[in-house]
Amino acid sequence: MEAKMLVYQDAEEAAQAVYQHVLAARKVAELGNERFSMLIPTGGTFVPFYRLLEEACQSGEFLLSDLVLASLDEYDWSSLKGTPLTGRLDAYAQYGYLTYHAEQNFKSINAVSEAGRWIIPYGAADDQQLECKRCTQLLQVNGRFDVALIGSGTNGHGAFNEPANGIFNQPIGYELVELSEETKKNNAQWCGGKTPERAYSVTMQTLAWAKQKLILITGEAKADIVKAMYYRLGPTEEIPLTYLTMGEHAKGTIVFLDEAAASKLPQ
57 MEAKMLVYQD AEEAAQAVYQ HVLAARKVAE LGNERFSMLI PTGGTFVPFY
107 RLLEEACQSG EFLLSDLVLA SLDEYDWSSL KGTPLTGRLD AYAQYGYLTY
157 HAEQNFKSIN AVSEAGRWII PYGAADDQQL ECKRCTQLLQ VNGRFDVALI
207 GSGTNGHGAF NEPANGIFNQ PIGYELVELS EETKKNNAQW CGGKTPERAY
257 SVTMQTLAWA KQKLILITGE AKADIVKAMY YRLGPTEEIP LTYLTMGEHA
307 KGTIVFLDEA AASKLPQ
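Each number in the working numbering corresponds to the 1-based position in the sequence shown with 56 added.
Just so you know, these hints were derived from the structure itself, not from any lab.
These numbers come from a predicted model, not from an experiment.
It is possible that part of the hints are untrue.
[What the hints assert, rightly or not] No more than 30 Å apart at the CA atoms, straight line, and that leaves these computed lysine-lysine pairs for DSS-like:
1) 60 x 267
2) 320 x 60
3) 283 x 241
4) 240 x 320
5) 283 x 60
6) 83 x 60
7) 241 x 189
8) 241 x 320
9) 240 x 250
10) 189 x 307
11) 307 x 283
12) 307 x 60
13) 283 x 267
Produce the complete structure using the sequences and hints provided.
Right under this line is the structure:
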């Protein structure tokens, strides 16, 4: 692995380190009189990070209204086969990760109204390709993002870029992707027990486009993929995140691990 790699005692310490890097990146943007922008994930890995961000929003240290936030991905809820969308799932289908962030990551503030600009695909869109085009245009209007916050699947996917031929060649923007069986199984707990077949995802080139790529990987379940990434000699589409950790895009990438995720690396 060519990217800088940092190991912390636990997930909370690793998330704190990511948060400190975000603060530093925001200061750089402010010195340039630029609006700070982030590509942001969902899922359990970044919960400790969002807890810190929420506290900063409560204290006034961070104002969501000053930020441009773009979601790394969003489910295509129309591909949830055989499951009627009722109650909470219907809310997710209609409002997507806005609902998730409001319920999970920014409980004490109105994240939906306070965000300066949210770029999130509409998970209940009738025309998925048109929705990809709409969100891609919004990304391009914003320009290069200051920070991309990225987790990892157990198969090394970044956002929902699953291992597949050609994923390194997709242009900047959003694409509609087929989710792997592994990802669907791992994410069912976040989707009411059943994961949609497809999702919107920023491409790997979109992640590489960010000025800083901060990859947070925690937990023993990710130790095997961390080991595989560590010993790779170059980028491979079999492990999508190697596009950011090896070769030309490794510059500006930092991988943050807890000891559990790093447990199979050489001491």
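Quiz item: Can the restraint linking residue 307 and residue 283 be considered satisfied, given a maximum Cα separation of 30 Å?
Solution: Satisfied, since the Cα-Cα distance of roughly 20 Å is no more than 30 Å.
Quiz prompt | Holds or violated: residue 83 to residue 60, with C-alpha atoms at most 30 Å apart | solution = OK: residue 83 and residue 60 at ~21 Å, within 30 Å.
Exercise. Would you check the hint for residue 320 and residue 60, treating anything up to 30 Å between C-alpha atoms as holding?
Key: holds, 17 Å
Exercise. Starting from residue 241, check that the Cα of residue 320 is at most 30 Å away, please.
Key: Judged against 30 Å, a Cα distance of about 24 Å means the pair holds.
Quiz prompt | 30 Å Cα cutoff - pair residue 240, residue 320 | solution = Roughly 25 Å between the alpha carbons, so the hint for residue 240 and residue 320 holds.
Self-check item: Pair hint residue 189 and residue 307, alpha-carbon separation not exceeding 30 Å
Solution: Answer holds: residue 189 to residue 307 is near 29 Å, not above 30 Å.
Quiz item: Between residue 241 and residue 189, is the straight-line Cα distance small enough, at 30 Å or below?
Solution: holds, 29 Å
Quiz item: Holds or violated: are the alpha carbons of residue 60 and residue 267 at most 30 Å from each other?
Solution: Measuring from Cα to Cα gives roughly 15 Å; hence the hint holds.
Quiz item: Under the criterion that the straight-line Cα-Cα distance not exceed 30 Å, is the pair residue 240, residue 250 satisfied?
Solution: holds, 8 Å
Quiz prompt | Satisfaction of hint between residue 267 and residue 283, Cα-Cα up to 30 Å | solution = holds, 26 Å
Exercise. Mind checking the alpha carbons of residue 283 and residue 60 for me, to see if they're no more than 30 Å apart?
Key: Given that 30 Å is the threshold and the Cα spacing comes to 15 Å, the pair holds.
Practice problem: Below or equal to 30 Å on CA atoms is what counts here, so check residue 283 against residue 241. | Solution: Roughly 22 Å between the alpha carbons, so the hint for residue 283 and residue 241 holds.
Checked against the numbered hints above, the structure violates none of them.
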